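A.B. asks: Mind docking chain B on chain A? Use the hints.
If you're matching them up, the sequences are chains A and B in order.
Just so you know, we're using my numbering here: the first sequence kicks off at 1 and counts up by one.
Just so you know, we're using my numbering here: the second sequence kicks off at 1 and counts up by one.
Among the hints, a few may not be true.
As the list claims (entries may be wrong) - The following label-pair restraints were derived from C-beta to C-beta distances: (1) B:Arg240 with A:Gly130: 29 to 35 Å; (2) A:Thr47 with B:Arg241: 38 to 44 Å; (3) A:Ile37 with B:Asp207: 48 to 54 Å; (4) A:Thr77 with B:Gly65: 56 to 62 Å; (5) B:Tyr76 with A:Gly130: 15 to 21 Å; (6) A:Pro230 with B:Gly65: 47 to 53 Å; (7) A:Lys61 with B:Ser141: 41 to 47 Å.
As the list claims (entries may be wrong) - Some residues of chain A that are not near chain B, with every Cβ distance over 12 Å (derived): (8) Ser2; (9) Asn177; (10) Lys218.
Said to hold, decoys possible - Subject to a maximum C-alpha distance of 20 Å in a straight line, what follows is the list of computed EDC-like cross-link-like pairs (lysine to aspartate or glutamate): (11) A:Lys61 with A:Glu72; (12) B:Lys29 with B:Asp72; (13) B:Lys66 with B:Glu54; (14) A:Lys56 with B:Asp72; (15) B:Lys55 with B:Glu18; (16) A:Lys56 with B:Asp74; (17) B:Lys29 with B:Asp159; (18) A:Lys56 with B:Asp70; (19) B:Lys8 with B:Asp72; (20) B:Lys29 with B:Asp207; (21) B:Lys81 with B:Glu18; (22) B:Lys214 with B:Glu54; (23) B:Lys55 with A:Glu133; (24) B:Lys183 with B:Glu200; (25) B:Lys236 with B:Glu220; (26) B:Lys81 with A:Glu133; (27) B:Lys81 with B:Asp70; (28) B:Lys55 with A:Glu52.
The set of hints was computed from the structure by calculation and includes no laboratory data.
Please read these numbers as outputs of a predicted model, since none were measured by experiment.
Yeah, the Cβ is synthetic: ideal placement off N, Cα and C, and Gly gets one too.
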Amino acid sequence: MSLEIVKDILIKYWPMFLRGAGITLFLAVVGTTVGFIIGLAIGVIRTIPLPEIGPKRVFLKIVNGILAAYIEFFRGTPMMVQAMFFFYGVAGVFGVQLNKLFAGTFIISINTGAYMAEIVRGGIVSVDPGQYEAAEALGMNHYQTMINVMLPQVIRNILPATGNEFVVNIKDSSVLNVISVTELFFQTRSVSGSTFRFAEAYFITCMIYFVMTFTVTKILRSIEGKMDGPKNYNIIGNQMQVERPEDLVRKQDDHWHGN
Amino acid sequence: MERIIEIKHLNKSFGDNEVLKDINFHVNKGEVVSIIGSSGSGKSTLLRCINLLEKPNGGEILYKGKNILDSDHDVYAYRAKLGMVFQQFNLFNNHNALSNCTVSQIKVLKRSKGEAETIAMKYLRTVGMEQYINARPRQLSGGQKQRVAIARALSMEPDVMLFDEPTSALDPEMVGEVLAVMKDLANTGLTMLVVTHEMEFARDVSDRVVFMDKGVIAEEGTPEQIFNNPKEERTKEFLRRILS
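Isolated chain A, as found in the complex:
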């Protein structure tokens, strides 16, 4: 492998790498975002308290059953196989030609959703149940409690795991090349196929993947810091006009030292 050739390939093929990286990033961003929303929604639905009797209980049980099946199925089968099944299977059975990028985005999103649902469940379990009780005691219903009290804390708790999922998505979107989504790995195959310089082409791709994942990790870390809020707080003006103990001490010191 020579750096000269790396340079040559970059000069000649950089638009292909760039487009590939763009598609990869698109798949990862949309997949993680949609998956995150699916995960939160499932978390909210699965924590609805079950009424003891009535049709609502039956309905909730059925919904929970469907959600459980979704999670287990998509976590238990490879994304590459799901993509093939969905893209060629659906096309074959219904005779429709799906847009490749759409099919890829769809698969990565619902796949991430299944993982995120479990991550969110863990996040909800990790929040002190007293938080939920306090909201209930103030008269909030399940959705008000979830949106105003639970989810902000859950999201903070699951950010590290979500970042992990994001990084996994950047890398694993490469399996979507099986349905010819023109992401970074697919483009690299084209470049290496036409130049026969495998080491150099894949070296470049490694670097691009690494820069993308590393940047995402750093960005998420800084969001975590922001969500923790300020470390300090300010005392709002002492309206009672009463001297605080530390003021009294300072005055006495001043007195003794004569200044």
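C.D. replies: Frame of chain A; chain B shown alone:
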């Protein structure tokens, strides 16, 4: 006298364990009632049944004459009428002191943000926490948290305040500040139902004291009666143990 809460033949079990057995009891408007008794006697469960954090197995809970256990009763509107203060404070960790007191006003009572903040500030001042409105719960001491929690409950302007052992999780030096706030509240004519281990508070502040033992109300009366002339042997035994 108007009965705000009346409980008839209330039962509650956790599995085979009968925690409350045929409880009959009421709270009048403007009254301060203390519930005392040893751990495991069902005091906290009774309080949690009253605002339906625990679902009773049988009996009736009447709020202003209406049975809240009827299935068509609006549980959320009812809970908003009861202020609850927990042993573990349970301040919302994702909100600062001020928005802890405003969020439920805005979401449940549909008050505007400005109005909610004015009301919250009023009660934060009552509990002496108006300087700490920007502080997050993790930055406050136990006593300060509990005072904010009291302000949060008061901000909903409830008909009844329920206190579930509000000082039991506090360091001894912080118990005083919370009890002082509660004493002030009692003097304003607020209806209060207090589960407590603070015998002095029960004796000096409450209008009526209820002694619970093994899931039943063993004795109830004025603080004078309960503390100076208890009739029941188990009340005497409990007081002897706790006051010595």
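A.B. asks: Next, verify each hint and record whether it holds.
C.D. replies: Tested hints:
At about 34 Å, the beta-carbon gap between B:Arg240 and A:Gly130 stays in the expected band of 29 to 35 Å. For the pair A:Thr47 and B:Arg241, the beta carbons lie near 42 Å from each other, so the given range of 38 to 44 Å is met. Range check, A:Ile37 to B:Asp207: Cβ separation about 53 Å, and the 48 to 54 Å hint holds. One distance hint, 56 to 62 Å for the beta-carbon pair A:Thr77 and B:Gly65, holds here, with the actual separation near 59 Å.
For the hinted restraint 15 to 21 Å between B:Tyr76 and A:Gly130, the CB-CB distance of approximately 19 Å keeps it satisfied. Between A:Pro230 and B:Gly65 the C-beta distance comes to about 49 Å, which sits within the given range of 47 to 53 Å. At about 45 Å, the beta-carbon gap between A:Lys61 and B:Ser141 stays in the expected band of 41 to 47 Å. At roughly 54 Å from the closest C-beta of chain B, the C-beta of A:Ser2 stays outside 12 Å, upholding its exclusion from the interface.
A:Asn177, annotated as away from the interface, keeps every beta carbon of chain B farther than 12 Å; the closest lies near 41 Å. Separation of A:Lys218 from chain B is adequate, the least Cβ-Cβ distance of about 24 Å exceeding the 12 Å criterion. With a CA separation close to 16 Å, the supplied pair A:Lys61 and A:Glu72 stays within the 20 Å bound. Straight-line distance between C-alpha atoms of B:Lys29 and B:Asp72 comes to about 25 Å, which puts the hinted pair past the 20 Å bound.
With a C-alpha separation of about 19 Å, the suggested pair B:Lys66 and B:Glu54 falls inside the 20 Å cut-off, and the hint holds. Between A:Lys56 and B:Asp72 the CA atoms are separated by roughly 15 Å; this keeps the pair inside 20 Å, and the hint holds. The suggested pairing of B:Lys55 with B:Glu18 holds, with an alpha-carbon distance near 13 Å, which does not exceed 20 Å. The hinted pair formed by A:Lys56 and B:Asp74 meets the criterion: a straight-line CA distance of about 17 Å does not exceed 20 Å.
For the hint pairing B:Lys29 with B:Asp159, the CA-to-CA distance comes to about 8 Å; that is within 20 Å, so the pair holds. At roughly 17 Å between alpha-carbon atoms, A:Lys56 and B:Asp70 fall within 20 Å of each other, so this suggested pair holds. A distance of roughly 19 Å separates the Cα atoms of B:Lys8 and B:Asp72; the hinted pair therefore holds under the 20 Å criterion. Taking the CA atoms of B:Lys29 and B:Asp207, the gap is about 11 Å. The hint holds against a cut of 20 Å.
Distance check on the hinted pair: B:Lys81 and B:Glu18 sit about 28 Å apart at the alpha-carbon level, beyond 20 Å; violated. A hinted pair counts as satisfied when its Cα atoms are at most 20 Å apart, and B:Lys214 with B:Glu54 qualifies at roughly 18 Å. About 13 Å separates the Cα atoms of B:Lys55 and A:Glu133, which keeps this hinted pair within 20 Å; it holds. Of the pairs offered as hints, the one joining B:Lys183 and B:Glu200 holds, with about 11 Å between alpha carbons and a cut-off of 20 Å not exceeded.
Between B:Lys236 and B:Glu220 the CA atoms are separated by roughly 13 Å; this keeps the pair inside 20 Å, and the hint holds. Distance restraint check for B:Lys81 and A:Glu133: the Cα-Cα separation of roughly 15 Å lies within the 20 Å cut-off, and the hinted pair is therefore satisfied. Pair hint B:Lys81 plus B:Asp70 holds up; C-alpha atoms about 17 Å apart against a cutoff of 20 Å. At roughly 11 Å between alpha-carbon atoms, B:Lys55 and A:Glu52 fall within 20 Å of each other, so this suggested pair holds.
The structure is inconsistent with the numbered hints 12, 21, although it conforms to all the rest.
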